[in-house]
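Asks: Construct all of the structure, not just a fragment, from the sequences and the given hints.
Number of protein chains: 2
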Amino acid sequence: MAVRLAESGAKVTLGSREAERAIGVAGEVRARWGELALDILGSDNVGAAGADVVILATPWDSAIATLKPLREVLAGKVVISMANALIKEGREMLPLIPPRGSVAAAVQAALPDSLVAAAFHHLPAGEMENLESGLEADVLVCSDHPEASVVTESLIEVMRGLRPLNAGTLSQASAIEAFTAVCITLNIRYRAHSTLRMIGI
Amino acid sequence: MAVRLAESGAKVTLGSREAERAIGVAGEVRARWGELALDILGSDNVGAAGADVVILATPWDSAIATLKPLREVLAGKVVISMANALIKEGREMLPLIPPRGSVAAAVQAALPDSLVAAAFHHLPAGEMENLESGLEADVLVCSDHPEASVVTESLIEVMRGLRPLNAGTLSQASAIEAFTAVCITLNIRYRAHSTLRMIGI
Chain A
1 MAVRLAESGA
11 KVTLGSREAE
21 RAIGVAGEVR
31 ARWGELALDI
41 LGSDNVGAAG
51 ADVVILATPW
61 DSAIATLKPL
71 REVLAGKVVI
81 SMANALIKEG
91 REMLPLIPPR
101 GSVAAAVQAA
111 LPDSLVAAAF
121 HHLPAGEMEN
131 LESGLEADVL
141 VCSDHPEASV
151 VTESLIEVMR
161 GLRPLNAGTL
171 SQASAIEAFT
181 AVCITLNIRY
191 RAHSTLRMIG
201 I
Chain B
1001 MAVRLAESGA
1011 KVTLGSREAE
1021 RAIGVAGEVR
1031 ARWGELALDI
1041 LGSDNVGAAG
1051 ADVVILATPW
1061 DSAIATLKPL
1071 REVLAGKVVI
1081 SMANALIKEG
1091 REMLPLIPPR
1101 GSVAAAVQAA
1111 LPDSLVAAAF
1121 HHLPAGEMEN
1131 LESGLEADVL
1141 VCSDHPEASV
1151 VTESLIEVMR
1161 GLRPLNAGTL
1171 SQASAIEAFT
1181 AVCITLNIRY
1191 RAHSTLRMIG
1201 I
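Order-wise, the sequence lines are chains A and B.
Once you know that position 29 of the first sequence is 29 in the working numbering, the rest is easy, because the numbers rise by one and skip nothing.
Once you know that position 160 of the second sequence is 1160 in the working numbering, the rest is easy, because the numbers rise by one and skip nothing.
These are computed hints drawn from the structure, not numbers from a lab.
No residue lacks a Cβ here, since even glycine has one placed at the ideal position from N, Cα and C.
Accuracy of the hints is not assured; some may be wrong.
According to the in silico footprint, chain A covers these stretches of chain B (three or more CB under 8 Å from chain A) [unchecked claim]:
#1 1077-1086
#2 1135-1143
#3 1194-1201
Between beta-carbon pairs, the in silico distance windows are [what the hints assert, rightly or not]:
#4 A:Ile199 x B:Pro1069: 36 to 44 Å
#5 B:Arg1160 x A:Arg160: 28 to 36 Å
#6 B:Glu1072 x A:Arg191: 39 to 47 Å
#7 B:Asp1061 x A:Asp113: 33 to 41 Å
#8 B:Arg1191 x A:Ser133: 26 to 34 Å
#9 A:Gly24 x B:Ile1188: 41 to 49 Å
#10 A:Gly126 x B:Gly1126: 46 to 54 Å
#11 B:Ser1154 x A:Arg191: 34 to 42 Å
#12 B:Pro1069 x A:Pro59: 41 to 49 Å
Replies: In C-alpha cells form, the structure reads like this:
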C-alpha cells in the first residue's frame, strides 16, 4: 500500500507501536525503489494518525486495540479499513463474522467521530509491492459517509493498476470482507495471484 | 440457465409446481431461439428431478420447501444450488445469513443423500438469456463432494461465455452467495450488467 500510494504522489507515514520498526521498514522500501525517491517515512501510531487520511492495515484482530487510543486524533478524519477476519482450515481460508458483521463496522463503532470507509480487501500483496507486476484490479469501496468514499476513490484513482468502484454503504463490508476468503482459496487451489475485475462497468 | 445449457448440447427439463406453467415457458424459450432447436421441455418438479443433474433455481426462500418432497428422487444425484439470500434496502441489496450460513448448506442438510454443489450466483440474468450478449464470466463452484464439483464444472465448461473455477468446499458458499449483494448493488449504482472475472487464473 505504501509503495503504490507514494508512487502516485502521496506523502506516506508508516505507523507502528514502535517507531523504530516503522522507520526501519520505511527505509527498506525507499531503498528498494531508490530511483523513484518515494516519500515514505516511519513513525509511532500517533504520528501516523496525524495524516489527512489514515489506512488501518493491521491484522484484523489487532484493529480495534490499535485504534481505540487514537479516537481523538482520528476524529473528523477519513479512516480506511482494509482488514478481513479470516481463518485457515486445511487448504482453504474461511471468513469469520465479527460481532458487528464486518471489521469495518467494528472500526466505525470504535471511531464514532471518524469517517470510516472499507477498501483494498482483495489485492494480492506480492503484486501490490512490486510496481512492475502489471497488476490490474478493481477496488471495492464502501462507507456510510459519501465524503469518505469520494476521498478513498480519489486515492485509488491515481494508484497504478487500480480502479475504484463505489459499492455503497458500510453494510456491504461484510460481504466484501468475506469474499477475500474465496479469493485466497482460489489462489491456493490454482497457485495464482488473482485479482478481481468487474467486467461491464 | 436453460437457454445456455441447452445451447451447449444438454437436454433440459424445466420444473414447476404446475407442469402447465413449465411447459408454457419451455415453449416460449424454444420459439425465441427457433433456429437452434433447443431441447427444452417442461414438467412438474418430480419430472424435472428425474434428470441426471438438478439445478435449484427457485427464490431462496422457496428452496427448502421445494426440495424436501424430492429427497428420495434426488438421492445420489448432483444438485446445484444457485440461490442467494438477499434483501433490498433502498438502492442496495444486502445479504442475509441463513441459519446454516448459506442457502447451499441448508440445501445439503435438507438433501443429505444428494451431492450438493453451489454455483451460478453472480451471473446477470439478462445477459444469460441473450445468447448474443457477449457474456464472459467466471462461475465459482464449491461443494463438499469433489464429484459434484467435477460434474458442475463440466457443465459450465461447455456453456457459452462461462468459465468454471473450483472455489473449494461448501464452507465457501456463504461468502460466494453474500457477494451477490455487492454485484447487484454495483449494477444498480453504475446502471450496468457486470460480471465477475478473476484475472491471473
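Asks: Could you tell me which of the hints above the structure violates, numbers in ascending order?
Replies: Hints 1, 10 and 11 are the ones this structure does not satisfy, whereas the remaining hints hold.
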